[in-house]
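Chains as they are written, first to last, in numbering that gives the first Met the number 0: chain A, 0 to 80; chain B, 0 to 745.
It should be emphasised that the hints constitute simulated quantities derived from the structure, not laboratory data.
Source: prediction; values computed, not measured.
None of the hints are false.
The list that follows gives simulated cross-link-like pairs (lysine to aspartate or glutamate, EDC-like), each with its CA atoms no further than 16 Å apart:
no. : chain 1 : residue 1 : chain 2 : residue 2
1   : B       : K567      : B       : E548
2   : B       : K123      : B       : D60
3   : A       : K27       : A       : E59
4   : B       : K495      : B       : D462
5   : A       : K16       : B       : E171
6   : B       : K424      : B       : D389
7   : B       : K99       : B       : E151
8   : B       : K401      : A       : E70
9   : B       : K123      : B       : E65
10  : A       : K41       : A       : E28
11  : A       : K41       : B       : E156
12  : B       : K401      : A       : D53
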Amino acid sequence: MVAVTIWGSLRRFTDGKSPVDVDATNFKELLDRLSEEYPGLKPQIERGVSLALDGRIYREAWFTKIGPDSEVILMPYMAGG
Amino acid sequence: MALDNTPKRVFKVVGTRPPRPDGIDKVTGRALYGADVSAPGMLTAHILRSPHAHAEIVSIDTSAAEALSGVKAVVTAKDFAPQDDDFLMDVLDNCMARDKVLYDGHAVVAVAATNSAIAKAALKLIKVTYKALPHVTDVDAAMTLDAPVVQEGRSLETVPEGMSQNVTSHCEFGHGDLDAGFQKADVVVERSFTTAATHQGYIEPHACLASMTADGKADLWCCTQGQYNVRDLCSAALGMEGSQLRVTASEIGGGFGGKTTVFIEPVALALSRKAGRPVKIVMSRDEVFRATGPTVSSSIDVKIGMTRDGRITAGEAHLRYSGGAFPCGTVDMGAQAAFAAYDLQAVRTLGYNALTNRPKEAAYRAPGAPQAIYAVESVVDELCQQLGLDPLEVRLKNAARKGTRSSYGPTFEDIGLVATLEAAKAHPHYSAPLAEGQGRGLSAGFWFNFGGNTCVTLNVNTDGTVGVTEGNPDIGGSRAAISQMAAEELGIPYDKIRTIIADTSALGHNDVTDGSRVTFSVGLATIKAAQDAIAKMCSRAAQIWGIDEEAVVWKDGAAEPAGPNAGKFPPMSLAEIAAVSFNTGGPIAGHHEFNADGAGVSFGVHLVDVEVDKETGATKVLRYTVFQDAGKAVHPSYVEGQMQGGAVQGIGWALNEEYIYGEDGRLQNPGFLDYRVPVASDLPPIETVILEIPNPGHPYGVRGVGETPIVPPLAALSNAVSRAIGTRMSSLPMSPPRILKALSKG
Chain A
0 MVAVTIWGSL
10 RRFTDGKSPV
20 DVDATNFKEL
30 LDRLSEEYPG
40 LKPQIERGVS
50 LALDGRIYRE
60 AWFTKIGPDS
70 EVILMPYMAG
80 G
Chain B
0 MALDNTPKRV
10 FKVVGTRPPR
20 PDGIDKVTGR
30 ALYGADVSAP
40 GMLTAHILRS
50 PHAHAEIVSI
60 DTSAAEALSG
70 VKAVVTAKDF
80 APQDDDFLMD
90 VLDNCMARDK
100 VLYDGHAVVA
110 VAATNSAIAK
120 AALKLIKVTY
130 KALPHVTDVD
140 AAMTLDAPVV
150 QEGRSLETVP
160 EGMSQNVTSH
170 CEFGHGDLDA
180 GFQKADVVVE
190 RSFTTAATHQ
200 GYIEPHACLA
210 SMTADGKADL
220 WCCTQGQYNV
230 RDLCSAALGM
240 EGSQLRVTAS
250 EIGGGFGGKT
260 TVFIEPVALA
270 LSRKAGRPVK
280 IVMSRDEVFR
290 ATGPTVSSSI
300 DVKIGMTRDG
310 RITAGEAHLR
320 YSGGAFPCGT
330 VDMGAQAAFA
340 AYDLQAVRTL
350 GYNALTNRPK
360 EAAYRAPGAP
370 QAIYAVESVV
380 DELCQQLGLD
390 PLEVRLKNAA
400 RKGTRSSYGP
410 TFEDIGLVAT
420 LEAAKAHPHY
430 SAPLAEGQGR
440 GLSAGFWFNF
450 GGNTCVTLNV
460 NTDGTVGVTE
470 GNPDIGGSRA
480 AISQMAAEEL
490 GIPYDKIRTI
500 IADTSALGHN
510 DVTDGSRVTF
520 SVGLATIKAA
530 QDAIAKMCSR
540 AAQIWGIDEE
550 AVVWKDGAAE
560 PAGPNAGKFP
570 PMSLAEIAAV
580 SFNTGGPIAG
590 HHEFNADGAG
600 VSFGVHLVDV
610 EVDKETGATK
620 VLRYTVFQDA
630 GKAVHPSYVE
640 GQMQGGAVQG
650 IGWALNEEYI
660 YGEDGRLQNP
670 GFLDYRVPVA
680 SDLPPIETVI
690 LEIPNPGHPY
700 GVRGVGETPI
710 VPPLAALSNA
720 VSRAIGTRMS
730 SLPMSPPRIL
740 KALSKG
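Modelling step: build the complete structure from the supplied sequences, incorporating the hints.
So this is what it looks like as structure tokens:
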């Protein structure tokens with residue numbers, strides 16, 4: 000299981016919980032499980048999210064491996080100038 | 000992309016300052032910008048724009064214009080393909096209003112004619128019937144329940160119930176117990192701030208030439224930060240397949256984020272499709288201001304608690320941004336960046352975006368961060384003043400560092416904030432005496448930096464030279480930096496390499512030039528492409544020598560036997576291997592494509608001294624020093640240029656630049672006479688100090704540098720002015736009338 004930190008305004012879709020535990024070994028599995036277990040998160044995930052894994056931010060990387068002790072933070076999709 | 004932990008090396012080319020490859024073309028006027036491209040039979044187009052801030056389009060009659068001799072095509076929103084995707088639909092609706100005009104300057108009809116005068120005359124013959132609607136241009140007013148609704152039904156599921164329909168998104172970040180944190184504080188300061196919308200202020204207006212043939216194939220030349228993005232947006236708008244539209248990026252006279260989308264490009268293509276001839280559009284400066292992307296305007300409340308010895312116990316910020324008449328996610332970045340420079344036990348940021356009758360926001364260097372960090376750094380400075388503490392020591396005491404849980408969630412890896420603060424503390428600027436009436440300001444700044452989708456090809460020519468093909472317009476010296484990294488990796492001189500920017504048909508997809516990503520991502524792809532070519536050259540040498548590939552290594556630009564057991568062969572240089580490549584298997588090229596991650600966040604610290612004329616309210620910037628972590632400065636002159644350019648744009652944002660709207664909701668200052676950017680005579684030399692704390696996600700340690708330098712100037716200037724006049728400023732820009740007003744209040 001991976002503990003995923005959810006940002007504040009999405010916690011009403013996780014019954015106020017953060018982090019939430021999901022069974023995943025990579026980002027795609029993680030996003031799929033989050034959408035299944037917390038359907039309220041699905042619109043945001045479909046619009047786009049970033050994920051921070053052990054301090055490093057990934058914007059799109061389905062098959063990035065996640066270790067069971069990794070720090071995983073769900074973040075909005077980033078845009079720059 | 001996996002983390003690359005290649006050990007730091009001694010560089011030969013990276014870190015030097017070779018001549019810029021575009022230098023001669025630009026100083027002799029030969030460089031081709033967006034408006035410089037022409038085609039036989041070309042038409043010229045102009046666009047009719049809304050005179051209203053908010054109105055329903057009742058009818059459009061273009062018959063008289065179409066009947067005018069010389070007019071070859073007229074298009075409205077009906078000439079574009081409707082989109083299922085909200086993001087695409089918003090981009091398209093911004094290019095051409097569909098049912099309502101949403102801001103002063105919103106495009107309504109476009110006309111292509113045999114010359115500019117005829118096209119302009121035709122615009123006057125078009126009859127648009129509007130039904131004017133109430134408008135709102137202020138973000139706080141837009142969030143009230145009785146405000147005019149700019150667009151209905153655009154609120155995301157994240158917006159709390161009971162808010163105005165203009166509120167399109169809401170975000171919240173942070174951790175810890177705020178109440179407990181504030182209770183530990185000896186002093187708590189709460190203050191509200193506003194920042195005006197500002198324009199990116201690029202010198203080159205948007206310009207493009209579109210040519211579509213009867214079989215549906217099209218070419219588009221334009222000034223843009225991302226030709227692939229233009230292709231994708233335009234092909235969707237025109238209902239074309241992407242392969243049938245080739246987009247070529249011109250040289251670019253500034254973008255700063257404002258050229259990461261489209262405004263006129265789909266319009267030119269639609270006109271060309273209708274007319275069957277090439278169509279050119281060049282925006283006027285008035286159009287650039289009225290209809291292309293300013294940054295968000297903002298209204299921000301900040302509350303910070305601090306102990307007597309300077310420890311921050313809690314921080315809270317409420318951010319209200321408006322990205323104009325369309326939903327905008329920039330507040331998410333501001334809310335995450337606001338407290339990023341601090342190691343905090345209790346922190347929370349709340350953000351809201353509200354629709355207003357203003358142009359659609361476009362990104363501007365580190366979008367969302369300058370406003371939020373301005374407000375936070377102003378309150379930190381005020382706390383330092385109240386407690387009699389040194390503002391630099393307080394920042395060092397609270398600075399985020401490796402292992403800090405950031406205010407937006409992730410735990411920081413190696414970061415350079417403390418190093419930049421220490422450098423500022425040790426610099427003579429910080430201890431230089433100030434005269435009466437002068438003030439010194441300080442601010443830290445932060446930006447995330449990104450990687451992204453990237454594709455590079457490296458061709459080894461038979462004469463021993465190398466061509467690198469990359470897909471990102473060069474907006475800050477990337478052709479030089481890419482050539483340097485290719486030279487470094489291949490072990491050949493810089494002047495043996497030429498890097499060019501591909502059109503969309505010549506290379507795979509590359510994300511937009513944004514997020515300070517190009518030197519990092521394209522550089523890394525170039526290094527990998529060079530390694531790919533090196534492997535092939537080692538293989539060719541092994542063939543020639545009759546030994547195993549594994550027994551060959553690459554050193555100083557040549558293949559060598561790996562050791563005495565591999566045989567005694569003199570090294571074969573890249574040129575020698577290339578010269579016989581046709582005999583050993585054919586042309587040699589390296590390629591790499593990936594989605595780069597690991598860009599590494601960036602911090603900077605700015606110091607500024609000012610003097611304020613209390614009779615006129617004018618601020619003179621006396622001295623300015625920028626300290627920034629570049630990871631590794633590939634071409635230090637370009638890095639310094641980014642640092643200086645960001646500081647200058649930030650100075651303009653802090654002191655003078657703003658979108659001014661009248662009671663009628665129309666923009667009052669769409670030109671450089673009334674929208675005042677800094678000019679050389681306004682500025683002192685901007686001194687730069689580059690720190691190099693290697694990014695662990697890049698083999699050379701490179702971090703993006705392009706966006707962070709616009710973040711600190713807003714607060715640095717405000718803190719300096721506030722200290723100089725003895726009154727805390729809380730609204731940007733600090734134009735002379737605002738300073739005089741603040742002085743009159745005491």
